[in-house]
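Colleague: What follows is the residue order along each chain.
There are 2 protein chains.
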Amino acid sequence: MVASALGALRGLRGLRAWGAQPLSPCLRRCLAKYTVADALRHRDNTDTAILRGWVKSLRIQKKYTFLDINDGSSNEKLQVFLPTEKTPDNLSWGSSIEVTGHLSTTPRGQIELIADHITVVGDCKVTDGYPFNSKQNHPPEYLRQYLHMRTRTKYISSIFRIRDAATRAVYQYFNSLDYINIHTPILTSNDCEGAGEMFRVEPENAKTLLKMYTEGVPAEQAYFNTKAFLTVSGQLHLEAAAHGLSRVYTFGPTFRAENSKSRMHLSEFYMIEAETAFVSDLKDVIVVIEDLVKFVTNSVLSSCEGDVLSLRGENNAIDWLDKPFIKITYDEAVDLILKNKHKFKIPLEIGQALRKEHELLLVELMNGTPTFVINWPKEIKPFYMRSLREDDTKVAALDLLAPITGEIAGGSLRENNYENLKKKLPSPDLNWYLELRKFGSTPTGGFGLGFERYLQLICNVTNIKDTIPFPRWPHNCSM
Amino acid sequence: MVASALGALRGLRGLRAWGAQPLSPCLRRCLAKYTVADALRHRDNTDTAILRGWVKSLRIQKKYTFLDINDGSSNEKLQVFLPTEKTPDNLSWGSSIEVTGHLSTTPRGQIELIADHITVVGDCKVTDGYPFNSKQNHPPEYLRQYLHMRTRTKYISSIFRIRDAATRAVYQYFNSLDYINIHTPILTSNDCEGAGEMFRVEPENAKTLLKMYTEGVPAEQAYFNTKAFLTVSGQLHLEAAAHGLSRVYTFGPTFRAENSKSRMHLSEFYMIEAETAFVSDLKDVIVVIEDLVKFVTNSVLSSCEGDVLSLRGENNAIDWLDKPFIKITYDEAVDLILKNKHKFKIPLEIGQALRKEHELLLVELMNGTPTFVINWPKEIKPFYMRSLREDDTKVAALDLLAPITGEIAGGSLRENNYENLKKKLPSPDLNWYLELRKFGSTPTGGFGLGFERYLQLICNVTNIKDTIPFPRWPHNCSM
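Protein sequence lines correspond, in order, to chains A and B. Here the first sequence is numbered in the working numbering, starting from 1 and rising by one per residue. Here the second sequence is numbered in the working numbering, starting from 1 and rising by one per residue.
By construction, these hints were calculated from the structure, which means they are not laboratory data. A quick note: this is a predicted structure, and the numbers were derived from the prediction, not measured. Certain hints may be false.
It does not matter which identical chain is used: a pair holds within one copy or between any two.
[Stated by the list, open to error] Calculated cross-link-like contacts (lysine-lysine; reagent style BS3-like; alpha-carbon spacing at most 27 angstroms): (1) LYS422 x LYS323; (2) LYS261 x LYS77; (3) LYS327 x LYS135; (4) LYS56 x LYS323; (5) LYS227 x LYS211; (6) LYS207 x LYS227; (7) LYS381 x LYS207; (8) LYS125 x LYS77; (9) LYS339 x LYS378; (10) LYS211 x LYS356; (11) LYS356 x LYS341; (12) LYS378 x LYS356; (13) LYS356 x LYS394; (14) LYS77 x LYS211; (15) LYS135 x LYS438; (16) LYS207 x LYS356.
Between the sequences and the hints, there should be enough to build the whole structure, so can you do that?
Modeller: Have a look at this one:
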């Protein structure tokens, strides 16, 4: 068995120390180039270190030049110094460099690089239109105008490292519970939510459409012989997969053609969705959501502590992490909100959805602990939800509310009685979905969690557009 | 620290044994329901076991009823038996059931479940239009007509378990090398490959478009104020992210509006793409691709051995796994192919792309070992590739060819000289891409690997449509 497989058997943490394994000479050479994170962990400190990165600060003094470099691998910078006589003329803030030298630990315990040699790989003429400035902390709205460059900033790179860690943790979590990842389709001929806020997809090339024409099909639908949309949720497809694989999940992009420029909405965003067969108690859905959120958060904290600290500040701990989440019914939530009427502007209509303001108030009343609101009025929830046995006007549904964002997840038990579902089916296009209830059917339950909203919560980021590398929203699709 | 975080520290393999950790009582209850995979590992064999799944075979004899059940967690079935007098009347092949009983090991070492009780959860009236038949092994083309039910079959569920294991391994691999996952956008206003085979995206709702109208913008582009397409590759966006994070990758859906119904093409397919900063040797790209393919394959073998065996057969080992992949130049490849002229039908044009037939012949000449073909003629490759120093007519590009599929990956060093790139830039829409070369630029190299083609290779599956849960291809977008 080769080194890679041994790596797998040693588990994910083991892989971090992979460099110690018998790698191919070529890959060894490749890895021998330190990252800044490696250097700060002071790996193999007696060797010559070759580091590459961008200059984040620069002080040229008479005898010595001091610079901080970063390569995106850590939220910390590595201090480098070399004799000023050896400093290249075109070394400047923002330039990319290669440094050769030796790592050393200062008496204060700080790791620094004593450079023998610096090469400027790409210079940075800041006066020639570079949008960033060494003296300024640019606000997020400003950075958003330069999507192709904002990963160079401390603020955005911290968020993306956290996004990376959270992404990995999602796969780890579901694997630990034997869930199987199913890539549900992006293109679909069904509308899961029936909200009419879908994007339609057609080939750009008119000749292709013409060539593919089939009699009786509208010309613009010639490619698929049906209207095709971008998915709004993978749930219905997951339910199909669960009727054979039992525990399934998906984690990918979903789309809404809404006209909302709020700090909470994107036209393209990521959802974590899971569906479990043989589940007929909403508690079994709730427990997985709560555990997922806590597991992912603990994983993020263990691998990106510095990033989380720098985004949240020292006095802003995630204090709900060791507490059980709160569970209340819709009716209880409404009562609580009405008792605090004086605290909000938009009136609450009983039997209707909660507004963002109400959601945030409710979480505040719970001292910021994430709160499940369960058992919702049937009328305001989609066709596929199952009614409560004890109250036919309610469905076994949940919303999870959290600070900053309000709703971050929604879930339910699904109607799995063939006759009941048949009555509610919104379109014959969904006959396949009905048919799942006909042959070896099982009750299923599941949920969807908005990944960017989760990141807002963890990173303490007000605007959702800063949690995704290339945000798309009304009137904005740059790059 | 809560149990979940401890789980993370123990690593991925440790998580498999998570049940032993102090879980919340509710999640413990949830997990206490065995999967068939758990039962076959004979976990906690003294407890009462509750299993849920689908009946895969059924023999009702005078005294005892024997059945095999499966729940998608394993490619093996669990044998169950109970007294025939206790057998429910509506128990049939295909129905979903809950079984309570005790696990026991037969003298031959086989694990079986001695049932106390069986409940039929959902019956299966096979004569009422159920497309599958207990006596038949349905061919893949037949299963493809029932996308919503085919995960119930042994063949398809094996492929999807392998897809799940491979997916996880991709994230593990890149994390082990400190690559950061970047969700590159699905919606884009750029065309990376310039091949004109893109899908265009617009809101379905005409009222939304009308409301969002901006003067001077074509009415159908009102949503984004620009034409928006589905991505064909995340590469250009990854290059932007690499200019700050150094090592980045993406793994997600990409789209081609081609009119090809071949066994090798999908309209929606998954690509693994990676980009590395400070790379100026094609070998550094090659070594990562080769190592990735071997790592993922070893991971799949270690977690899905039974599935791989059942798909490939006993005598069809993956014999390239311990061999170095072959590296030859385009010119050498052309020579080799021409020397074997008698073995192919379509003539090879020197200086042109290889046809599928030539690719497969070349791999056959290499005894089935995956083969990198490097240094391609400039004319047939995209604008962003860097020319070879020693030969200006060639670019530092690679294709990786493999059995069954031919090309499974492509990569290159990118042109990072501002002036050179400016001359070749196909559209001013890509000025942001050019600008990456202006401020703190670095040489980068990267690749894209077709995930479904990789799965075809590992699973020995001829038609790519069977490697993705919900395939989309010309004239087909069901569900």
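Colleague: Next step is simple, just say for each hint if it's right about the structure.
Modeller: Okay, the hints, checked on the actual structure:
1. For the identical chains of this complex, LYS422 and LYS323 are neighbours neither inside a copy (41 angstroms) nor across copies (56 angstroms), given an alpha-carbon limit of 27 angstroms.
2. Taking the shortest alpha-carbon separations for LYS261 and LYS77, neither the intra-copy value of 35 angstroms nor the inter-copy value of 52 angstroms comes in at or below 27 angstroms.
3. Taking CA atoms no more than 27 angstroms apart as the test, LYS327 paired with LYS135 passes in neither setting, with 48 angstroms inside one copy and 49 angstroms between copies.
4. In this assembly of identical chains, the alpha carbons of LYS56 and LYS323 never lie at most 27 angstroms apart, being 40 angstroms within a copy and 43 angstroms across copies at closest.
5. Taking identical chains as interchangeable, the C-alpha atoms of LYS227 and LYS211 lie at most 27 angstroms apart whether they share a chain (17 angstroms) or sit on different chains (23 angstroms).
6. Taking identical chains as interchangeable, the C-alpha atoms of LYS207 and LYS227 lie at most 27 angstroms apart whether they share a chain (18 angstroms) or sit on different chains (18 angstroms).
7. Only between protomers do LYS381 and LYS207 lie at most 27 angstroms apart by alpha-carbon distance; the minimum there is 24 angstroms, versus 43 angstroms within a single protomer.
8. In the homo-oligomer, the alpha carbons of LYS125 and LYS77 lie at most 27 angstroms apart inside one protomer (22 angstroms), although the nearest pairing across protomers, at 66 angstroms, exceeds that limit.
9. When the C-alpha separation of LYS339 and LYS378 is checked against a cutoff of 27 angstroms, the pair qualifies only within one copy, where the shortest distance is 24 angstroms, while the shortest distance between copies is 72 angstroms.
10. In this assembly of identical chains, the alpha carbons of LYS211 and LYS356 lie at most 27 angstroms apart only when taken from different copies (24 angstroms versus 49 angstroms within one copy).
11. Taking the closest pair of Cα atoms, LYS356 and LYS341 come within 27 angstroms of each other only inside a single copy of the chain (15 angstroms); across copies the shortest separation is 69 angstroms, beyond that limit.
12. With identical chains, the CA atoms of LYS378 and LYS356 are at most 27 angstroms apart within one copy only, with a shortest distance of 20 angstroms there and 55 angstroms across copies.
13. Only within a single protomer do LYS356 and LYS394 lie at most 27 angstroms apart by alpha-carbon distance; the minimum there is 21 angstroms, versus 58 angstroms between protomers.
14. Taking the shortest alpha-carbon separations for LYS77 and LYS211, neither the intra-copy value of 57 angstroms nor the inter-copy value of 48 angstroms comes in at or below 27 angstroms.
15. In this assembly of identical chains, LYS135 and LYS438 lie within 27 angstroms of each other by CA distance solely across copies; the values are 20 angstroms between and 66 angstroms within a copy.
16. In the homo-oligomer, the alpha carbons of LYS207 and LYS356 lie at most 27 angstroms apart only across protomers (25 angstroms), although the nearest pairing inside one protomer, at 47 angstroms, exceeds that limit.
Hint check: violations occur at hints 1, 2, 3, 4 and 14; the rest are consistent with the structure.
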